[in-house]
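Colleague: Chains D and H, in that order, are what the protein sequence lines are.
Just so you know, we're using the working numbering here: the first sequence kicks off at 654 and counts up by one.
Just so you know, we're using the working numbering here: the second sequence kicks off at 2 and counts up by one.
Rather than coming from a laboratory, the hints here were simulated on the basis of the structure.
All residues carry an ideal CB built from backbone N, CA and C; glycine is no exception.
Result set (BS3-like, lysine-lysine): computed pairs, CA atoms no more than 30 angstroms apart in a straight line:
| hint | chain 1 | residue 1 | chain 2 | residue 2 |
| --- | --- | --- | --- | --- |
| 1 | D | Lys767 | H | Lys243 |
| 2 | D | Lys934 | D | Lys961 |
| 3 | D | Lys805 | H | Lys47 |
| 4 | D | Lys767 | D | Lys726 |
| 5 | H | Lys158 | H | Lys243 |
| 6 | H | Lys315 | H | Lys251 |
| 7 | H | Lys47 | D | Lys835 |
| 8 | D | Lys758 | D | Lys726 |
| 9 | H | Lys47 | D | Lys802 |
| 10 | D | Lys835 | D | Lys805 |
| 11 | H | Lys289 | H | Lys251 |
| 12 | D | Lys767 | D | Lys821 |
| 13 | D | Lys726 | D | Lys935 |
| 14 | D | Lys802 | D | Lys835 |
| 15 | H | Lys158 | D | Lys805 |
| 16 | D | Lys725 | D | Lys767 |
| 17 | H | Lys158 | D | Lys802 |
| 18 | D | Lys961 | D | Lys726 |
Here are some chain H residues pointing at chain D (derived, C-beta under 7 angstroms):
| hint | residue |
| --- | --- |
| 19 | Pro56 |
| 20 | Gly68 |
| 21 | Ser95 |
| 22 | Glu96 |
| 23 | Gly141 |
Some chain D residues near chain H, calculated using beta-carbon distances under 10 angstroms:
| hint | residue |
| --- | --- |
| 24 | Ala732 |
| 25 | His765 |
| 26 | Ile833 |
| 27 | His834 |
| 28 | Val989 |
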Amino acid sequence: MTATRTRRTRSRETIEDYLLSEQQLEDMYYHMLLARRLNERMLALNRQGRAPFVIAGAGQEAAQVGAAMALKKGEDYVAPYYRDLGVNLVLGMTAREAMLNLLGKRDDPNSHGKQMPSHWGNVSRRIVTQSSVVTTQFLHATGIGLAAKLRKDPIVVLTSCGEGSTSKGDFHEALNFSAIHKLPVIFFVENNGYAITESNEKEMPVPNVADRARGYGIQSAMVDGMDCIAVYQTVRPAVDQARRGGGPFLIEAKCYRLWPHSSDDDDSRYRPKKELEEWIKKDPLTLFRSRVEDDGIFPREDLDEIEKRVEEEVRDAAQWAMMQPDPLPEDALTYVYRELS
Amino acid sequence: MTTMTVIEAVRSTLDEEMARDDRIFIIGEDVEAGGVFRATDGLHAKYNDRVIDSPLAESSIIGISIGAAHYGLRPVAEIQFADFIHSGFDQLCSEASRWCYRTNGDAYLPMVVRTPWGGGVHGGQHHSQSIEAYYAHMPGIKVVAPAFPADFRSLLKASIADPNPVLFLEHKRIYRLIKQEMEGAPAETQLSRARVTRKGTDLTIFAYGFMLHESLNAAETLSGEGVDCMVVDLLTLNPLDKETVLESAKATGKVLIVHEDTLTGGLGGEISAIIAEEAFEYLDAPIKRLAAPDVPPMPYHHAMEDFFMPNREKIAAAARALAAY
Ligand SMILES: Cc1ncc(C[n+]2csc(CCOP(=O)(O)OP(=O)(O)O)c2C)c(N)n1
Ligand SMILES: [Mg+2]
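From just these sequences and the hints, can you work out the full model?
Modeller: Here is the structure:
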């Protein structure tokens, strides 16, 4: 039909087939789990009245961690979107920083309390600052790709968004420009089934976001976004190809938003309970755990050990962050302009 | 000494700056062939892939410039007509203007967006507009609108050197109309400095762009009638040079603000508010604004266009009335 393809990992690969070391597999599980447990703790803090707003990535951890692990940390750029806690953790954000961000604390490296939580940004980690306006980051990524090409720097930019955001003009302008100039940009779409209340059919007339790439002459692929290893194995070759000058690539990770849109949303208004129950069976964490266990890659005790480490880290992060200083009221006036140096 | 038009001032400055700093690149529609006003003539041949034709998509021109500036390059984007910049409004308002603020200065955007603006060229609804008020309202962006070729040179250079997003407005009516003798490199200058272009004691006219020239002409007419007008060129519309605005308002006690933008929400309101708040005791007459009427700018037929635009006669009449107050 189109140039798109669904990749699914076979059920019983060996470690060699994964092309991932044991250490990498452990990192995968650790980061997915850390993202989930942090999000759970954040929601608890919200319910206790300690955090005004939470927007989480539950159900998308495999997509986020798999994609971020395909990048060169500290060299490649990422222009992420609000659900991408998993991406940020892989690229170096600590649990403590995630909690500073949630609480809008003075020392939150993303925005120091200027933006809502989950509006990422970190210059030294090459994570591009983002706003709430969806899809604008696709053009920023394209501009970074253009700049890197002009400077002949061998870097890749990965930018992400939800499937609903692909109807916005900036998505199309970015695909068009990066294809014309063969820029090293990976467009990573996390299709979680919903744009707040709207299901896919209301957002686009084609079944897949990946189909949209064809009109721009961009290569694309679809991948089971609940399967972290499959995501890695799909994104990694695209990243390598872009780095070699092969041009942009669109990847659609089919995943699912396991939680309501945000802490302010009631999804029972629009989402069939049965559908949710079906997807919960495919929870990326359970899937990963059972696979590495069944395949005998990690004994259960090792996985339990990771779980314990993560719980401890999350508990510490929340407690520590709550005690950190808030911004001063007058900090509202700072950094409107950068001074001439 | 050479005589330069505004367009030559822009072109020569782009050329000199690109020769000096290889991080500078140009992106916009038709710029490789020199652009529709020829501001980038010859630059593609000289700088190759640093002059980039963009697809016809204004949000991308600005959004891509943001990404490239974040990366460390110095994009100078061209929007072919100011009237078409609005599909890039989101990228300027939601992104560029708050990049530095929302990262507490960790990230910043040394980028310039150049665009021809203004009327009096039979450009009708969508090749004549004054867009400055929308963008001057955004903290985090600088808006510059020179009137003389020498200022185009020095302020374009300063805009490129500035580590913040700058919207650089080039009034298309004066591209080839206004010439100036000049010599050597552009003068060193800073943004956010207004200038008293003509000294005077009876009243003060504030203007920018084409209207600055019309105001100077009106001042000349009035001097023959014994009315001595000070004329201030605002040069940078955001952040405004409040100090010069207040000093020159206080010096004469009578203020006329001229712009071809429509009246309501135009910069005249902001300038009069500054003066009313901080120099009220110095005023000898109500502040007067001369602006275009509140209709969608600007009608095409010359009879209506002339009616719509302020000009030297209308400015002279307003100044005369103010002087007599
Ligand atoms: C330009 C713009 N319009 C509307 C919104 C409000 N909004 C926030 S998220 C969202 C849905 C986005 O859906 P999708 O792209 O699928 O991402 P998801 O939230 O499902 O991860 C909307 C409409 C916004 N942030 N930006
Ligand atoms: Mg979605």
